[in-house]
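With chain A held as given, fit chains B, C and D onto it using these hints.
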Amino acid sequence: MNAWIVWPVVVPLAAATLSVLAGQRMARVIIGSATVAIVGALAGLTLQVWQNGPQRHVIGGWEPPLGIQLYADGLSVVMLWMSTVVGALIGVYALGYFAHDSGTTGTAATGEHGDNSELFWPLWLFLWAALHALFLSADIFNLYVTLELLGLAGVALVNLAGGQLALVAGMRYLLASLLGSLAYFLGVAFLYATCGVLDVRMLSTRVSAHPAVWLAIAVMTLGLLLKTALFPLHFWLPPAHANAPAPVSALLSALVVKASFYLLLRLWFQVFSVVLPPVAGQVLGILGVLAILWGSVLALRQQRLKLLVAYSTVAQIGYLFVLFPLAGGTAWGAAAWSGGTFHALAHACAKAAMFMAAGTMMAALGHDHLHELAGMGQRLPLSMFAFALAGVSLMGLPPSGGFVAKWLLLDAALASGQWWWGAVLIVGGLLAAGYVFLVLRQAFAPLPADVRYRPVPRVMELAALSLALLAFLLGLMAIPPLTLLQIGAPFVGGLGTEALP
Amino acid sequence: MQGHPAANIPLSEGQPGGCSVRRLLALFSWALVLVLAWAALSLPSHSPGLVDFVHAELEHSGVVNPVTAVLLNFRSYDTLLEVGVLLLAVFGVWALPRERVWGAPLGAPVAGPVLHTFVRLLAPLMIVVGGYLLWIGAYAPGGAFQGGAVLAAMGVLVWLSDLAPLPRFSRWDMRMALLLGFATFLAVAGGVMVGGGRLLEYPRLWAGSVILLIETALTVSIACILILLFLGGVGEKRRATEGVREREAKQ
Amino acid sequence: MNAAVLYTLMGVGLFSIGLHGFLAQPHLLRKVLALNIMGSGVFAVLMATAWRGPQLPPDPVPHALVLTGIVVAVSATAFALALLRRIHTATGRASLPEDTAA
Amino acid sequence: MSWDTALPVLVLLSSLVPGLVIFFLREEQSRVRTALNLAGAVVKIGLVGIMLWGVYHERHYETRLPLLPGLDLILRADALAMLLTTLSAGLWLVTTIFAVGYLEGSPHRSRFFGFFSLCVTATMGIALAHNLLTFFVFYELLTLTTYPLVIHRGTPQALRAGRTYLVYTLAGSAVLLLGIVWLHRVAGPFSFTQGGALSHLGPQSHGTLLVIFALLIAGVGVKAALVPLHGWLPVAMVAPAPVSALLHAVAVVKAGAFGVVRVVYEVFGIRFAADLGVTTPLALLAALTIVYGSLRAVVQDDLKRRLAYSTVSQVSYIALGVATPGSISSIGGIVHLVHQGIMKITLFFCAGNLAETLGIHRVSEMNGVGRRMPWTMVAFTVAALGMIGVPPMAGFISKWYLGVGAVEAGQGWIIAVLAASSALNAAYFLPILHTAWFKHPTGEWKEEHPRGRFEADWRLLLPSLVTAALVIATGLFASTVMSPLTWAKLIAAREYQP
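Chains as they are written, first to last, in this note's numbering: chain A, 1 to 501; chain B, 502 to 752; chain C, 753 to 854; chain D, 855 to 1352.
Bear in mind the hints are in silico, worked out from the structure with no lab data behind them.
These numbers were taken from a predicted model, which means no experiment stands behind them.
Honestly, I wouldn't trust all of these hints.
Taking beta-carbon pairs under 7 angstroms as the criterion, some of the chain C residues facing chain B (in silico) [what the hints assert, rightly or not]:
| # | residue |
| --- | --- |
| 1 | L761 |
| 2 | L775 |
| 3 | A776 |
| 4 | Q807 |
| 5 | P812 |
| 6 | A830 |
| 7 | F831 |
Listed next, the stretches of chain C that the computed footprint assigns to chain A, with coverage defined by at least 3 CB atoms under 8 angstroms from CB atoms of chain A [as the list claims (entries may be wrong)]:
| # | stretch |
| --- | --- |
| 8 | 792-802 |
| 9 | 816-829 |
| 10 | 842-849 |
So these bits of chain A aren't anywhere near chain B, every CB distance computed over 12 angstroms [unchecked claim]:
| # | residue |
| --- | --- |
| 11 | V39 |
| 12 | G40 |
| 13 | T46 |
| 14 | G196 |
| 15 | V274 |
| 16 | A280 |
| 17 | R304 |
| 18 | H369 |
| 19 | A374 |
| 20 | Q418 |
| 21 | W420 |
| 22 | Y453 |
Here a beta-carbon is modelled for each residue, glycine too, at the ideal position from N, C-alpha and C.
Same shape as in the complex, but just chain A (with noise of 0.2 angstroms):
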């Protein structure tokens, strides 16, 4: 058995179906199962691609541009781990976070939650499957029906908190992404209507200095943007990622705005390279920059731990768009690029502890208002422990995944000779420690003796700590994904710190 790529979508979705079909102890055992298949898989994958380089599977034996086939490179093996393990552990989170939660609904302190939460697993394990097959698909129609799938299952996910609040953030959550898989779906047609083929190998051979090619550039960019959330299209983002349940929010500001940067990733670098003016990439860095001030300063002026998590979520967006305006060159591409998709990486290993972290203390506290959180860090010691590990990722300090992200990035931009794009990620970093810490700080606060406060169960503090670990010490083992990420990337070597000339 050596198709070892199509299973990270396969069993997902078949664990899905079980899951509905079995009863709730079983759909248990077959969510475990599940995840321990998937890993598996993984792995087998991964050897794979180190050893022979990038793989691909013609599904249905029907070679492209006929058929569709998966294709894995580094950069795909390491979104799948990404999402895997990220995944994986938000599910841990979740079990306790529901049994909590169905355990004390109908008090007034948990706000509304809707009564439907064991949805919650064939949710999570089709936006699984949606985000494996995002990452693998090489046809971009295929593309285009995995961001739906990806899209009504992040919505549907939201609307499990059940609130008003919620609702609405909900449906503006589903119009956006389905107004941004609108304008892909014109992409696709006007370059299926110019280059005859939907396969991504086969359109980067294709495509030409052609205004049908340029307007679908415009269209599939604009429409991948509004779902990522970048400045100024963020609008719909804090609000949904805010409201959800807790492992939700994770779930969506870990993992589901990283699959269409990684499309747009795909589709600049590997596709449209050929056409695209090098001014385009320094429209998307504008926008980046913009996106980590505005993100950062309104994240400054949150009264709720969650809306301040969800605001750096925007900042956070906004460093990846940095790799676009300097990964231009030959001699810092690859710097540019392995710094892009390794703080991709490392922000969804923080954003999903901190957003775990912060559900934590909500469950505990029964609201999130910031100025009353004081003393946390004597209730909850392990959370806030967790919410600072993720900080200080997010912060980019050493020895940080988000550090080694930040140093690569900073490398390129100065190589570049472009240092402005390096002063960004250095104040953004500021930025970014003054809203970690207005939180932070709480955590030393003297403990209000009136203070109603529930226990939760120990395994979602558990999760979010490893996370948050995980998070704190990926620049560590920096190396191993740094490779990996070389296998089939547009930019070969150079990466490094090599004397300029």
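This is chains B, C and D only, laid out in the frame that chain A set:
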């Protein structure tokens, strides 16, 4: 309809933006039309397309209708995920907070002897039409979705005219019906790999039969899904605790 | 100017009308409908690519893509409508707060 | 992994592991906590002792871990590293004893001692770091682990101080990071090298190197409290006394000063730096800091604030010595790294002792305290005299070498700065001594703790006496084999090798 507030959502709600905003928007839309039209006019008059590839392999696809060949063989992976989207919509509707009011006797006021007789005559016919559409898909336009849609329409019609109660999808067998299509499709997709094949690589000789099997299962499931989507999550999935909570809510 | 170009132009026209409606109309139902109009526009553009001249058979691939697209649109629309009903029940309104305020 | 590669890691682990375990201890498990702390400190001293012996006999202890493509995390015990590791390891033990006594019965001790150990781990990492990347990693860890110590009390005042501390240190490290990445772009990956690693770069990159030097010095200058980057240090005085002792003598300020040494000697190299023309501005900045800190210290009534401004002033002796060309100045600067640590920690121990035993926080409250707490005040007197530069205390040695070095370098103005500074030192220390010994007590002290067998709790008294004895010993036995002065001479000689 029962006077429920949600039953009549006034369409006039909300104020469209200010005058200048509207003007700007109109300007933007016209600009968009022009840009899109420019790109559209620049398209090659004969797009290259994949028609030759399809016809070259059509005889191995197991069906005669090229569209069905694309949908269920050449690009069957798309269709697999598309059925996933359908299911996901159902789960998404279920995940919404439950609506209590849109009760079962919705159809009662409009039901009458003429309607009853008409539906009684129509229902079997629709089942036949649905089956026909499913079968003809291999040769001509048609297929699982079309068949399933007709069956779903029949179900809705029967329910609206109050001839039969809604099926309860909390029941295990109804859930099976709901998931049958996706499960079959997925099982085939993975099952063909056991012998060392690739995902969704049907055995050449059996391709036609396999496609028919998948489409049959899909027809049943799509009918269920469409009925559920029509209902929008009403009358489904009551849990034991719910009655208690409703009483609490009333107090 | 052939039939395909006409279809394409109609498609982009529908797309633009839909987008205008989506942005201009605060009512959520109208927004959902506008998205469907946009979708129809894309379908039309895609259908036009299937045209290969009066004698030749059409390209079946765009047909299949459009069928898939329709199913996706149906699912999304059904879900959006259900969500819309819940919002109306919960808030008594059928528009997003920011649009109502404007 | 052989013993030689494991040793630097073990030195770190000897405080990291106890620190992490302590976090999970319950508040009332104070015996286990103390045992862990002391065991860690003793093991660390043992390991550092072995390392010291080995380095003296030219053995190489080095650990590498690939961190970034082409860049390793390197821990290596070289002569300069041993100076700071020995100082930190030794002072950690006494500070731990002091902190156990000082914090007895107060809340959140597990949290405190956990971060306390992590803080020492970070300092050890800074000492052993063998390239800028490694240095930066531990430099940042130090920031993160000291923040909880600064705001330990959780009062609004402490939280404000913590914010100031973070604003300064994080901004500093951002600048430092920019400098480091840029330098790697210009020069490629390199390790700390005696005599500098950049002299091969041609004149076309000298402009860039000037900017990078400014960035690096600004980055480490925040922690070294160079004027005008010193604003956080007096504010951070709200922290408990052991933390202040740690901040001023062992960890934060010392890390900054150590960074200055590394950057000038082992990144740029003193000769190359002098060629670039950056040493004179640095020396001027250091001189300014010395005078400014002393002037501010004179007018402070709060004892800990006065000591804090004294630190601002005294630490810059190190920068001054480093920035003055000539091996004798270097010896003075490097040896002051150790001497300042011992003297300042003694002073802070005594200040904490006074505060904890009698509730004295201001100089004006110290009338006649020498009679009530003679041992404490003897220790304080020794350290204060050392700071002024009275022979044969440690401070005299530093100032002597700095002065002779200035003459050697032909920089007469440095003599003037040293003289002025010594006069100011006297101006803010001698009144304290006078008040304590010769004035009559104004009234009964409010006794915070019942009078023990000694004038104060022995855990508070012993550390200050030990360090005071060290102040005399390092001065008296400066020319013996293992004295800080001998090490400083060794380092300076290698730096100035032709």
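Hint-by-hint comparison with the structure:
no.: 1; hint: L761; result: 6 angstroms, holds
no.: 2; hint: L775; result: 6 angstroms, holds
no.: 3; hint: A776; result: 5 angstroms, holds
no.: 4; hint: Q807; result: 12 angstroms, violated
no.: 5; hint: P812; result: 4 angstroms, holds
no.: 6; hint: A830; result: 4 angstroms, holds
no.: 7; hint: F831; result: 4 angstroms, holds
no.: 8; hint: 792-802; result: holds (count 6)
no.: 9; hint: 816-829; result: holds (count 6)
no.: 10; hint: 842-849; result: holds (count 4)
no.: 11; hint: V39; result: 18 angstroms, holds
no.: 12; hint: G40; result: 15 angstroms, holds
no.: 13; hint: T46; result: 19 angstroms, holds
no.: 14; hint: G196; result: 3 angstroms, violated
no.: 15; hint: V274; result: 18 angstroms, holds
no.: 16; hint: A280; result: 16 angstroms, holds
no.: 17; hint: R304; result: 22 angstroms, holds
no.: 18; hint: H369; result: 24 angstroms, holds
no.: 19; hint: A374; result: 33 angstroms, holds
no.: 20; hint: Q418; result: 31 angstroms, holds
no.: 21; hint: W420; result: 31 angstroms, holds
no.: 22; hint: Y453; result: 25 angstroms, holds
Hints 4, 14 from the earlier list are contradicted by this structure; the remaining hints agree with it.
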